[in-house]
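So you can see what is in the structure, the chains are spelled out below.
Protein chains: 2
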Amino acid sequence: MKNIPLLLMGCGGVGRQLLQHIVSCRSLHAKQGVQLRVVGICDSKALIVTSDVFMMELDDTVLAEVCRIKLNGSSLLTLSNNGQCQVFSNAEAMQKVIDIAGLLGKSTGLAFVDCSASSETIGVLSRVVDLGCCVVLANKKPLSSSMVDYDKLVSYTRRIRYESTVGAGLPVIASLNRMLSSGDPIHRIIGSLSGTLGYVMSEVEDGKPFSEVVKAAKSLGYTEPDPRDDLSGMDVARKALILARLLGGCMNLDSINIESLYPKEMGPDVMPVEDFLLNGLPLHDKDIQERVKMASSKGKVLRYVCVIEDSSSFHTVATFPSFFRCEVGIQELPRNSPLGRLRGSDNVLEIYSRCYNEQPLVIQGAGAGNDTTAAGVLADILDIQDLFP
Amino acid sequence: MKNIPLLLMGCGGVGRQLLQHIVSCRSLHAKQGVQLRVVGICDSKALIVTSDVFMMELDDTVLAEVCRIKLNGSSLLTLSNNGQCQVFSNAEAMQKVIDIAGLLGKSTGLAFVDCSASSETIGVLSRVVDLGCCVVLANKKPLSSSMVDYDKLVSYTRRIRYESTVGAGLPVIASLNRMLSSGDPIHRIIGSLSGTLGYVMSEVEDGKPFSEVVKAAKSLGYTEPDPRDDLSGMDVARKALILARLLGGCMNLDSINIESLYPKEMGPDVMPVEDFLLNGLPLHDKDIQERVKMASSKGKVLRYVCVIEDSSSFHTVATFPSFFRCEVGIQELPRNSPLGRLRGSDNVLEIYSRCYNEQPLVIQGAGAGNDTTAAGVLADILDIQDLFP
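As they're listed, the protein sequences go chains A and B.
Okay, so the first sequence: first residue is 1 according to full-length UniProt numbering, each after it adds one.
Okay, so the second sequence: first residue is 1 according to full-length UniProt numbering, each after it adds one.
Please note that the accuracy of each hint is not assured.
Pairs involving identical chains hold if they fit within one copy or between any two copies, as the list cannot separate such chains.
Said to hold, decoys possible - DSS-like, lysine-lysine: derived pairs with alpha carbons at most 27 Å apart:
1. Lys2 to Lys106
2. Lys152 to Lys31
3. Lys218 to Lys141
4. Lys264 to Lys70
5. Lys31 to Lys298
6. Lys293 to Lys152
7. Lys286 to Lys70
In short, the hints are calculated from the structure, not lab data.
For clarity, every value in this text was computed on a predicted model and none was experimentally measured.
Only chain A is shown next, with the shape it has when bound in the complex (with noise of 0.2 Å):
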């Protein structure tokens, strides 16, 4: 039986859905000859661990405890310590952390499993990349970062994986790997990578204020609490930064073009929410209907994608400088393309290749959900099985 040390940073929806799954996974992956062994588990507070990290875990009866108390908003430093489990502050966390790493890593081998939103990860896991651990990421901010922090992750390939970082489970990630080591160059890949921007986007199509939609969207659980989070189009940027990264541009966040569908003088810093959406979004309503209606008089829809281009991918000359597009925003888009037929939540992504010419390779599906999210972290967790003695 093989068995894979886990450490879960971030135990919010996705995290604590994850460690839902793999109780309910056990016996499936026992029936595979693999054993997932939860060694640690932080949240912002706190860390709490197996009191013997070599042979132990934190067994079911801890992971629904810690699913209770997440569920109900606390922290982990409400746990005590006790004979199976031992509690850290914050500030003895990231040493005891980087001890189980620099103890684990090369032996048993550990995998770093980041499903925090949060950029105080990234210190922790450039450190226990060098220790010889594994890490899996449904959190973008440590890839989205700079590109010292990225090259640093990614310098052992084999040892990272982070499916969930861009359409949650979606094979996404995992099919360009696969196009990329194959020797099969990728020309360019336009996506919908945001569920919420998709709806509002297909709904403004049939004639309805973009205001009114948004505000549809929002009561439907489908934004964050502030639209603006999603309006801003940071969240598609990272996810197409980590992308553009990907087919090997480097680049950062800043130098991506990002369309923000509401102006600065209607920020967060200048205007509360409500008022955002009562006064501010509906000034917007006419300039989108006429974009819209300008895009159908060509046969085209509007929506809201990246757009990753390279195109020394083109040439088979390798020194050929290498000229990368990405951007972030409104496109007209053929109404008959798969992104043009897109309704509804769906991330939709075309990818342009050698192989995938003329028609691209298509990938559509829900691109978020903690469901969806947590399996592709599942399913990387197991991807890198064979690395595990």
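Given the structure of chain A, go ahead and fit chain B onto it with the hints provided.
The following block gives chain B in isolation, referenced to the frame of chain A:
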């Protein structure tokens, strides 16, 4: 540098393309720290082997020579023994291959890559899995033969890959494996897995006569030399069987309900191909035309698809008796669905699971061609690299 020894069976279209990909990806793979070392190649007449399977390889000059010979329709038998490479006739080949598997399987590791279209490789493959070898298949026959052979081949699940048996290089098997390993139960797969039949069904939708469309497909090079090889549905059925077995279905080819698009009395044993195209096929035009109209009156279109359903995956109790449905034939599908919108020769799969429940996971793209098939094989080879020392 990780060294992956390969033994290639079958060097017709796909195998030849694979050799070319291996050569052109040398520097790419070196950057990834991987070296693919071809130690032997066989076709139906002969086997060529490097003189030292532990240390040497058939170098790029030999690989180019093999490609040249096969492109000319000759056999590897025309190659001659020399310091670098030994040639064995068919009679000696099988034992020699087993010997090499015994030498390398458990020491350096060895990947058997089957790019043939023969059922004669099954015997060798079943033997080498027990010798510690990995298996990578583009050949559908070994996995669509008896359940005994199937169970043997997949007995070490981490050591077998077969992406290119279904939808060529499309990431179908990889995606399904990810879903299965993360405990996301797959309820239903419906897919158009024949580029030829996909093209034919979307063309008859426009009112063109079935027989004319088949003839056009043949002249475009979309069909086999005898289009009945496509119209029989047997190729789709083999792919469907591979998917059904991946989902846990214990079934054989003869337990699949297959709709052939020509009657037995027009079979290859009864009617020459020209006669079939000229006199046989047109007898079907009216029937197909009526089915198209009937479907259209319900807002539906006809597609030639495989349907795989696992009703047991709806239940949470693992002991509930598994009910499998696997059918291959024409179905009426909503015009406004991924399969209904399909035009041309792309493959499309809709996958329904717990995570992809109301809206399916959709994978679409070119599902045939030597380039993409070989790229899928190469991606599979790179995917098992962690099993090599």
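Here is what the structure says about each hint:
1. For the identical chains of this complex, Lys2 and Lys106 are neighbours both inside a copy (16 Å) and across copies (18 Å), given an alpha-carbon limit of 27 Å.
2. In this homomeric assembly, Lys152 and Lys31 come within 27 Å of each other (Cα to Cα) only across copies, at 16 Å, whereas the closest approach inside a single copy is 35 Å.
3. Proximity of Lys218 to Lys141 under the C-alpha cut-off of 27 Å is restricted to the intra-copy arrangement: shortest distance 24 Å within a copy versus 52 Å between copies.
4. Proximity of Lys264 and Lys70 under a CA criterion of 27 Å is satisfied in neither setting, with 35 Å inside one chain copy and 64 Å between copies.
5. Taking CA atoms no more than 27 Å apart as the test, Lys31 paired with Lys298 passes in neither setting, with 55 Å inside one copy and 45 Å between copies.
6. Taking identical chains as interchangeable, the C-alpha atoms of Lys293 and Lys152 are never at most 27 Å apart, the minima being 47 Å within one chain and 60 Å between chains.
7. Taking CA atoms no more than 27 Å apart as the test, Lys286 paired with Lys70 passes in neither setting, with 43 Å inside one copy and 64 Å between copies.
The structure is inconsistent with the numbered hints 4, 5, 6, 7, although it conforms to all the rest.
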